[in-house]
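Put chain B on the given structure of chain A with help from the hints.
Sequences listed follow chains A and B, in order.
Using this note's numbering, read the first sequence as starting at 679 and increasing by one per residue.
Using this note's numbering, read the second sequence as starting at 679 and increasing by one per residue.
Please note that a few of the clues may not be correct.
Since copy identity is lost for identical chains, a pair holds within one copy or between any two.
Cross-link-like lysine-lysine pairs, in silico, DSS-like; alpha carbons within 30 Å at most [claimed, not checked]: (1) Lys-973 with Lys-748; (2) Lys-1044 with Lys-688; (3) Lys-751 with Lys-861; (4) Lys-964 with Lys-758.
Hints are computed from structural coordinates only; laboratory data are not their basis.
One-letter residues, chain by chain:
2 protein chains.
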Amino acid sequence: MKFEIIKEDKKTKARLGVIKTQRGLVFTPAFFPVATQATVKTLSPLDLLNSGVQGLLCNAYHLFLRPGIKIIKEAGGLHKFMDWHRLIITDSGGYQIFSLSPFKEIQDLGVKFQSHLDGTTHFLTPEKIIQIQIDLDSDILLPLDECCSFPITKEYANLALERTLRWAEASKEEFLKYGLKDKALMGIVQGSFFQDLRKKAVDYLEEIGFWGLAIGGLSVGEPQDLRYNILRFLSEILPKKKLRYVMGIGKPAELLDAIELGYDLFDCIIPTRFGRTGTCFTHKGKLVLRNAEFKRDTLPPDPECDCYVCRNFTRSYIRHLFNSSEILGMRLLSYHNVYFFNELLRKARQAIKENNFINFKKEFLKNYAD
Amino acid sequence: MKFEIIKEDKKTKARLGVIKTQRGLVFTPAFFPVATQATVKTLSPLDLLNSGVQGLLCNAYHLFLRPGIKIIKEAGGLHKFMDWHRLIITDSGGYQIFSLSPFKEIQDLGVKFQSHLDGTTHFLTPEKIIQIQIDLDSDILLPLDECCSFPITKEYANLALERTLRWAEASKEEFLKYGLKDKALMGIVQGSFFQDLRKKAVDYLEEIGFWGLAIGGLSVGEPQDLRYNILRFLSEILPKKKLRYVMGIGKPAELLDAIELGYDLFDCIIPTRFGRTGTCFTHKGKLVLRNAEFKRDTLPPDPECDCYVCRNFTRSYIRHLFNSSEILGMRLLSYHNVYFFNELLRKARQAIKENNFINFKKEFLKNYAD
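One chain only, chain A, in its complex shape:
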């Protein structure tokens, strides 16, 4: 697996890149929808291809608990299991262990935790987490990490970071044992909102040596400017030639900010979660289509969008579906929102190609009211 930078924008740090994989090419900056439980909620793999999705983020923790790794391995791996044959990144599930488990005990060698599904106790080590992701046949793997909540003391953030870095080292060692050329392991940069801790993370991870770097520990309840400041700070110290993946963001404006700072990859539940609750992304901002104002609105969800949903359905109809608790409403808006995010990223790539990113962003945000 290789990441290459094709073109750098002349006026910003934005860059156009490509991940060359055995599953085909992924052009960056790219946005990956979240398929936590081996499905992007409400959407079929065909929908994802039709809406321009290049890759997905699945979750090792969730799949380990249900249906269990053996079942997926026997099925021929995660791609075959879920009928998705392009790139899959698997999140280690560190975040989920820390946020979902009713009980957890962090030890130096790993994490003991209770399943949020049935209360059974498990002990996962960084090595085991790597094995799980290899058994899933994931393409890009992420090590076990400890994602701190916000706010947190610097002392604890440092403690968690040091553990995360030791786990990163153990993960790298484990990953190397398999000698897999078609897969890549990324490092996860933690350190909460402390710049020196973030720098320590980058330096240490670079010393270990990872294929790319993922920025974790964001979107944990912090104000947006704090998040932006950390991303800006990191953008200065991250290795230039490696893939930079910001985990768990974001809204359109945030994605454009991060692209401008030179980040390449993003995942977020926003398009699908908002879609399931009746919120539609448009070139003019978000619309809550459940609202009464759309009762007789025969415009497409987003008149500037050319997706299947916008070409064939009206706001009035989608509102009716939501009001009638019809699943098709969730499905249509999830489809449109995923398409919308993919189109935004596609246009961003085009703008970088034309050294026009800053104008593109300005133009987009001028019309877009968040």
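Using the frame of chain A, we list chain B on its own:
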């Protein structure tokens, strides 16, 4: 709108026909999925076309209450509203008024009832029900009728029938006022499970004169043989050249029985409702894919089916989706089940063409355990 019989099976009463409409041709015998609230639950119009659906049954009562007829009329009619451009039959909603309303008062001129959604009181006459269906721009309309529950006294069944027949007459008169050549009005045969009442219904409806005849009052909790006996009895006295529509059936074996008796059209919630609860129709019978036995089953839902779902997903994956409360599971099984029903009817038509219906049915049922 015209119904023509293309071919009669030589060994049974089964017949191959075609409904010629401004929306295209519908080959019969045909099965229409139910789109009560202007959507076949979980499926898109594109899914319906891809799974061979020729037409849908929508519900005037539901759409009258929500989103309201004006909204659909303003949207350009029901076809445009829901992006379904082939045939639509609208049920009058008589059945729903009688089964869903918390309060109803049947009067000779119509029905006073409370909305099951918000408790508002409405009075619908047979004339108004026709106007509603014309405003919806439905293709095949059904008059207001009173559908009796089971069991019911003969006295009440007769009372309800006489009211239904008067309403049928009023509906026909109202329908004629519009002089619409592209639409058709069917009569609904009621009379519960009393043969003489059913005969009285057919005779009276024939005297009024309807484009086709729908058999109502079935699937209301009666034993299956009682239903079959009424269908067999009616098959002898219904006009030969008119479309015969059995409302609200049924399972595969029942559909084949009814086709053998010379019925042409069917609608039922079974493929979608079963699909949403994890039950898959296969050539060997129903499978409850939620069950633990399918945990590691890497076969397609139905190995003899060539639909999108069976070509790309396993029982194990679909079970995982249901166990994880993922909507995609409901969607995939609804799609497959609708496809399965359409294929069954398509094969039945082919068998009639080849004077082979009785063998086809025997062969199908030999493998199919209900």
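Lys-973 and Lys-748: within-copy, between-copy, both or neither at 30 Å Cα: between (49 Å within a copy, 11 Å between copies)
Intra- versus inter-copy proximity for Lys-688 and Lys-1044 (alpha-carbon distance at most 30 Å): within (22 Å within a copy, 72 Å between copies)
Intra/inter-copy verdict for Lys-964 and Lys-758 if alpha-carbon distance must be at most 30 Å: between (35 Å within a copy, 25 Å between copies)
Intra/inter-copy verdict for Lys-751 and Lys-861 if alpha-carbon distance must be at most 30 Å: Intra 16 Å, inter 55 Å, cutoff 30 Å: intra-copy only.
Consistency with the previously given hints is maintained throughout, with no hint failing.
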